[in-house]
Amino acid sequence: MADKNKGRIKINSELCKGCYLCISVCPKHIIAVSETLNHQGYYPSKSTDSSDDPKCTGCAMCATICPDVAIEVYRD
Amino acid sequence: MTEKVLMSGNHVIGEAAVRAGCSFYAGYPITPQNELTEYMAGAMAKLDDGTFIQAESEIAAINMLIGASMAGARVMTSSSSPGISLKQEGISFLSALELPAVIVNCMRGGPGLGNIAPSQGDYFQATRGGGHGDYRNIVLGPASGQEICDLVTKAFDYADEYLTPVMILLDGMMGQMMEPVVFPEYRDISTLPEKTWKIDGAKGRPRRVIKSLLLDVNVEEAHNWKLVRRYEQIKDKIQMAESYKTSDAKLTVIAYGIAARIAKSAVDRAREEGIKAGLLRPVTLWPFPERSLREAASNNTEFLVYEMSTGQMIEDVRLSLNGSSRIHFHGRPGGPVSTPADIYEQIKKYYPR
Amino acid sequence: MITKTAFAGSGGQGVLSMGYILAYAAMRDKKNVTYLPSYGAEVRGGTANCTVCISDEEIASPVASAPDYAIVLNKPSMLKYQGIIRKGGIMLVNSSLVDAKAEREDIEVIYIPANKLALELGSERAVNMIMLGAFAAKTGVTSLESLAGGMSDVLKSKSAGLVDLNKKGIERGAEYALHER
Amino acid sequence: MTETIFKRPKYLKDAVFHYCPGCGHGITHRLVAEVIEELDIADRSICVPPAGCAVLAYDYFDIDVGEAAHGRGAAVATGLKRVLPDRIVFTYQGDGDMAAIGTAETIHAANRGENITTIFINNGTYGMTGGQMAPTTLVGQKSTTTPGGRDTKRDGNPLRLSEMLALLDGTIYIERVSVTSPKNIRAAKKAIKKAFQIQMDRLGYSLVEVLSPCPTNWKMSPVDSCKWIDEYMTKTFPIGVIKDNSENK
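From first to last, the protein sequence lines are chains A, B, C and D. The first sequence begins at 28 in the numbering used here and counts up by one. The second sequence begins at 1410 in the numbering used here and counts up by one. The third sequence begins at 9 in the numbering used here and counts up by one. The fourth sequence begins at 330 in the numbering used here and counts up by one.
FYI, nobody ran anything at the bench for these hints, they're computed from the structure. All values reported here derive from a predicted model rather than from experimental measurement. You can take every hint at face value.
When the alpha-carbon atoms are kept at most 25 Å apart in a straight line, the in silico DSS-like pairs for lysine-lysine are as follows:
1. K38(C) with K175(C)
2. K73(A) with K556(D)
3. K73(A) with K342(D)
4. K342(D) with K1612(B)
5. K95(C) with K1757(B)
6. K336(D) with K73(A)
7. K342(D) with K1607(B)
8. K33(A) with K55(A)
9. K339(D) with K1620(B)
Quick list of the computed label-pair ranges, beta carbon to beta carbon:
10. G442(D) with Y70(A): 47 to 57 Å
11. R133(C) with G442(D): 41 to 51 Å
12. G1521(B) with R112(C): 38 to 48 Å
13. A59(A) with G485(D): 40 to 50 Å
14. A108(C) with G1521(B): 33 to 43 Å
15. S78(A) with G485(D): 56 to 66 Å
16. K38(C) with A1631(B): 51 to 61 Å
Backbone N, C-alpha and C define an ideal beta-carbon position, used for all residues, glycine too.
Work out the full structure: start from the sequences and follow the hints.
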């Protein structure tokens, strides 16, 4: 069951402008603000999903609301 | 239709446009050019691919032309002075976007709402690029039904060749007056050079963008200079003027359009009285036929500029002659049309002795 | 040689079509011609006039400030044109509609009871053709044949009955102008 | 086996949007690009972008683009579409562009039933010029030209252009959507797709009004902007289908 739903997001930190809408909609609360600035001068969002205990289901809500098309979503 | 037909100037414009391959017309009613709009409604309906739109405003009409020209059609709109003021936004855009279009201004008395009488008060607006920004348009000033036909035909070709709006500048009387005209054959549009810039969906080619927003100042500057190079080319190639009895003239009347016809009668009358008068009639108003003026000036003549305005073209005359000759002026703004007798009196008044 | 003819009357009297037909007749005569109508709100205000210039030479000004000839179909038009017609010119007046007499001594004024003559032909629709026929006969600006030809050119495929009536009108007007006044 | 759930749509160019953080233009651009890809119409689509924040849309949509003057999108699109009736022509316009300077062009194109599609971004403000009052600014809403809030006595009321257009016989399909949540965004995409489909079926004028956050000019966080749309803006501009005449055609 867990395997079947394993999702993964890839955030392009250079496209991200730090609006954090993704953080607000993630049902698993596995996106957070990064500590390092990107070249645009924003603190981009980053995935905090752990590889040991992945929570991402690949629901793509983060990518759907991302205004900068900075998030790609995969299911392995 | 190679035989002569009697037609009003407004109708001649319409028929000549159709024969030149115009397949898109948008316009808005305003006197004294309504007959042209009405003519196009009928003519476009007869074409398989013809579009006629009675637009909600002059502004909408000229912007429809922008879209249709982007799509590659030969396009035309027409109006009269107050309506042409409204179209200026779109004319500036057409110029910036390097889109061909033919725009007819059948001038009436102004400023403001003015009246519907024949006038030549829009010369500045037409020849200086009446909208915002640094541009010029080709402006053609016909003086007979046949010349309307010939110049409308040319206007479509110039527009395509030089990627610019071309204005046909005439007045209410030219629009209403009927004369016999012989029309050319229909133009086969498929034989014209392909418009490699048009947008019609990026099938099998890289996409195209037609835009005039050039936020990078260096790009905008380069675009402006590119337009200027084209304008220089136009100036070089298409200056046109009619010279009438100018070779020995001591006083040469300069007038365009209907004013020139009236002046021509006055010149004839003056000649009958032994007065050496001549007429120089600019046919292209932009580019202004400077070469013809300088040539006339070299014959040691004085000039009398007659305009149905307070004096607009006279500035181009002064610029062309650059102080080399005496220039007099007679103007009737706001709609009254001088008679040949009036102009004859002016010729006598200014004739050098 | 250039002739300038003015036509004037009320809207709906066929003033503009008289000028138009004369212009077509002149084209048949291989002459240069201009036809200049009044236009815009002026037309809708109820008066109509037009000017036809005919010449062997290229026509410079189409404006007639002092026309050679005038054909007037109502009183205001007569009053206007008797003031500006050139000395020695000819004015044709539809006397069925204009009860006044012209005051100029230095022009020729011809009164044609056009409505009466037209009714005799069977229809008042022929009024303007009667005036045109009289005009051509008196001035020689064009021939009756050219006029009839110009008229059929203008009417094209419209009713053959009207073409016949108009032809009769042209002939009747000419006859009256030459022989009956 | 890795399955791609979500990636950048094919006809959105690989460029960084110039839009501010949290701006709804980016989301709407992506939805339009996805719809164009799914309907397989990229090689026959022409976009008419506006003057306003989306003036640079030509940097993003990888299709033919013909730029219009402020407000004139509907007229330019009319010209394009009449000459090229089998191409898909859409305008992308903001509220100032559509509902103020271009009201006449918009209403009359719609009334003629021009077979074009309009994506109408309603963010209640003039974004590009710095946050002035738009025709759609809410009553009481502050802007740089209504510093004390929009006062109906002085400034009039918010203009519901979509409802006005719905009254016209020429309009086929008009829906108001928002891009404030994944659910709303999915609904927005469905509406945009339907609007394009209506044009492909040659039914007539279709329009999707998108309630879109402008956090910068609203002086709110992106998250609060979305909430504000849901809680306040939708009271004046309720989301949902305003008109759907596609079944009757």
